[in-house]
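Protein chains: 2
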Amino acid sequence: MKAAVCYEVGKPLVVEEINLDPPKAGEVKVKIAATAVCHSDIHIFRGDLPQELPIVGGHESAGYIDEIGKGVTGFKKGDPVVVSLLVSCGKCKYCRTGRSHQCTAVWPMDNETRMHNKKGQDLAMLFKTGSFAEYTVVDQSQLVKIPADIPMDRACMLACGVVTGFGAVINRAKVPLMSSCVIIGTGGVGLNAVQGAAISGANPIIAVDIADKKLKAAKTFGATHLVNASRTDAIKEVQNITGGGADYVFITVGSTAAISQGLEMSGVQGMTVIVGLPKITDSLDMSPLMFIKDERTLTGSYMGSTQLHTEIPKLVDLYKAGILKLDELITARYPLDKINEAIESVEKGEALRNIIVF
Amino acid sequence: MKAAVCYEVGKPLVVEEINLDPPKAGEVKVKIAATAVCHSDIHIFRGDLPQELPIVGGHESAGYIDEIGKGVTGFKKGDPVVVSLLVSCGKCKYCRTGRSHQCTAVWPMDNETRMHNKKGQDLAMLFKTGSFAEYTVVDQSQLVKIPADIPMDRACMLACGVVTGFGAVINRAKVPLMSSCVIIGTGGVGLNAVQGAAISGANPIIAVDIADKKLKAAKTFGATHLVNASRTDAIKEVQNITGGGADYVFITVGSTAAISQGLEMSGVQGMTVIVGLPKITDSLDMSPLMFIKDERTLTGSYMGSTQLHTEIPKLVDLYKAGILKLDELITARYPLDKINEAIESVEKGEALRNIIVF
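Protein chains in written order, with my numbering: chain A, 5 to 362; chain B, 5 to 362.
In case anyone wonders, no lab produced these hints; they're calculated from the structure.
Honestly, I wouldn't trust all of these hints.
It does not matter which identical chain is used: a pair holds within one copy or between any two.
Claimed, not checked - The calculated PhoX-like cross-link candidates involving lysine-lysine, where the alpha carbons are at most 25 angstroms apart (straight line), are:
hint, residue 1, residue 2
1, Lys97, Lys178
2, Lys297, Lys283
3, Lys297, Lys97
4, Lys240, Lys97
5, Lys297, Lys178
6, Lys132, Lys297
7, Lys297, Lys95
8, Lys132, Lys33
9, Lys352, Lys283
10, Lys28, Lys122
11, Lys283, Lys15
12, Lys33, Lys6
13, Lys318, Lys149
Predicted model only: the values in this text are computed from it and were never measured.
Please take these sequences and the hints and turn them into a complete structure.
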């Protein structure tokens with residue numbers, strides 16, 4: 005089967021034939037139908053996050069069950085599924101308290117990758133998924149069955165980008181009706197935070213970015229105000245619109261400067277939620293006075309604090325009801341052979357979501 | 005009347021006769037019965053917080069209504085009251101949403117102090133109170149009537165120290181039953197956080213300090229575990245006791261190092277609450293990764309997020325019912341003439357609360 009392999013940081017991926025082990029107990033082989041290109045993939049390929057190489061990237065996917073390992077229940081060959089990076093054991097304190105996204109279960113248990121190149125070299129699988137490949141093998145807990153009538157290029161985005169943005173608003177911040185919200189960064193994740201805020205009845209919803217094209221998209225997703233931070237003092241602008249500071253600020257760009265700005269955009273008892281991953285070496289430098297007198301809150305949301313198995317089916321329903329926008333997130337579709345073009349376009353900031361279709 | 009005046013940073017207070025203006029419209033003159041010495045007073049006297057001099061300190065008080073300004077309702081001469089630094093207008097968005105402690109109303113409206121020394125020099129009134137004095141004049145919103153049968157030296161602590169620690173747990177963090185709590189610093193404020201956690205049914209309640217004497221007091225107030233950070237790795241100790249990190253950490257000492265340690269003591273989705281005021285020039289240096297993957301939260305609590313007028317009467321009831329400990333907070337009582345001794349003892353870390361009694 006074909007896969008896109010990163011052999012060296014900063015170099016184009018190599019699309020080549022590789023070998024995939026059959027699923028072991030509790031595992032499932034999935035025929036990948038669509039995988040979105042996420043900034044986290046690119047962080048790995050550029051060396052911004054530490055990771056062993058060579059590696060097969062890709063973690064925002066949908067596909068069809070192809071083969072089932074021993075002891076797997078609830079799936080049969082041909083079932084359409086979303087494939088997520090979240091493994092959950094179902095038994096730990098996080099899984100038992102509605103926080104399965106924090107489960108610390110490890111996969112693969114034997115610490116051996118299921119992917120190998122034709123020379124016999126092991127290929128790491130990014131985020132327990134490695135879905136820039138025609139097939140992958142994952143733990144059964146990473147899969148959520150979906151209806152057959154949702155297109156796979158839309159469904160794949162539910163695995164990461166959609167839940168990360170939408171869930172930060174809905175699950176982590178639990179934004180109440182009529183709250184003021186700021187979303188810094190209106191790429192694939194940010195737009196889902198915007199629509200999460202819109203569906204929650206937040207008002208105003210202020211989108212902040214430096215690209216007019218992305219801001220225009222934010223309007224489509226429900227933003228009431230657009231602020232281009234390259235042309236205006238975004239902090240002052242937000243303070244003006246909200247009358248002193250926002251109730252919620254979501255930082256969907258991976259930048260510590262944006263986090264500091266976000267805190268200043270938030271008002272009394274305002275909450276700033278870090279959604280995008282800054283470089284691992286970056287540090288935040290803040291005055292503790294930001295927190296005490298005005299009782300601001302800083303927190304983070306990991307994978308939108310999503311509970312995959314209950315939420316993804318609901319998100320599919322929202323999409324089918326015309327409430328959740330997915331079509332509008334897709335900028336372009338590429339075959340696996342052209343994955344380097346898809347990545348380049350994301351890096352240039354041209355794309356909301358580029359999808360690899362198989 | 006007599007008052008203790010700070011004329012110069014770092015120098016002893018001067019106890020002298022001063023003049024007090026009569027109350028204007030909306031204001032009340034109070035005969036002070038007891039004022040606690042709080043670390044915030046000392047911050048001012050030592051120059052750690054910017055403030056104009058000369059100044060009359062003191063802001064944690066109780067006394068009796070002495071004279072009523074025009075338009076004041078609900079009080080009559082002789083009523084026992086707690087005197088707080090919190091002014092509230094009753095009309096702004098904070099007052100109307102149960103957050104009167106965040107009211108931005110200013111007092112005195114005319115920006116003129118009510119205190120002057122015998123040479124005619126204006127004396128600032130610390131935190132709109134200036135209650136290291138036999139009498140003071142404050143806005144009527146700063147007063148809460150209390151029953152006559154609670155001793156004034158206990159009641160005065162309800163104005164600041166008690167609500168700041170207790171309220172951080174009850175109002176700001178809203179600690180649920182069976183949560184694990186850490187309280188860093190077990191002075192006057194920290195002990196009230198400990199008893200807030202105990203009354204909330206938190207477990208374990210881990211008190212962290214470097215003074216064995218204060219830790220012993222924490223046990224009396226409900227701590228289940230005592231950690232002396234000068235003799236052990238407090239972060240590891242907390243992680244061991246809680247099985248990976250605490251649900252809530254309250255930082256009642258004014259130190260950015262303690263805030264960083266607190267964050268590391270908190271576990272997945274744990275909340276760290278800054279209660280004590282660090283130096284205004286100190287800055288926090290943290291990795292954003294502390295917030296994202298484990299979804300930790302950092303926030304602050306100002307004056308225990310207290311709603312004075314509804315909460316202080318309830319705290320009095322809890323005290324009278326034997327649930328809220330106040331007697332145990334008092335280390336010593338001093339007359340106004342000996343205020344410098346009372347302050348010195350607090351600075352040496354010898355005292356929980358020292359009270360000036362009139």
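message = Flag every earlier hint the structure violates by its number, smallest first.
response = none
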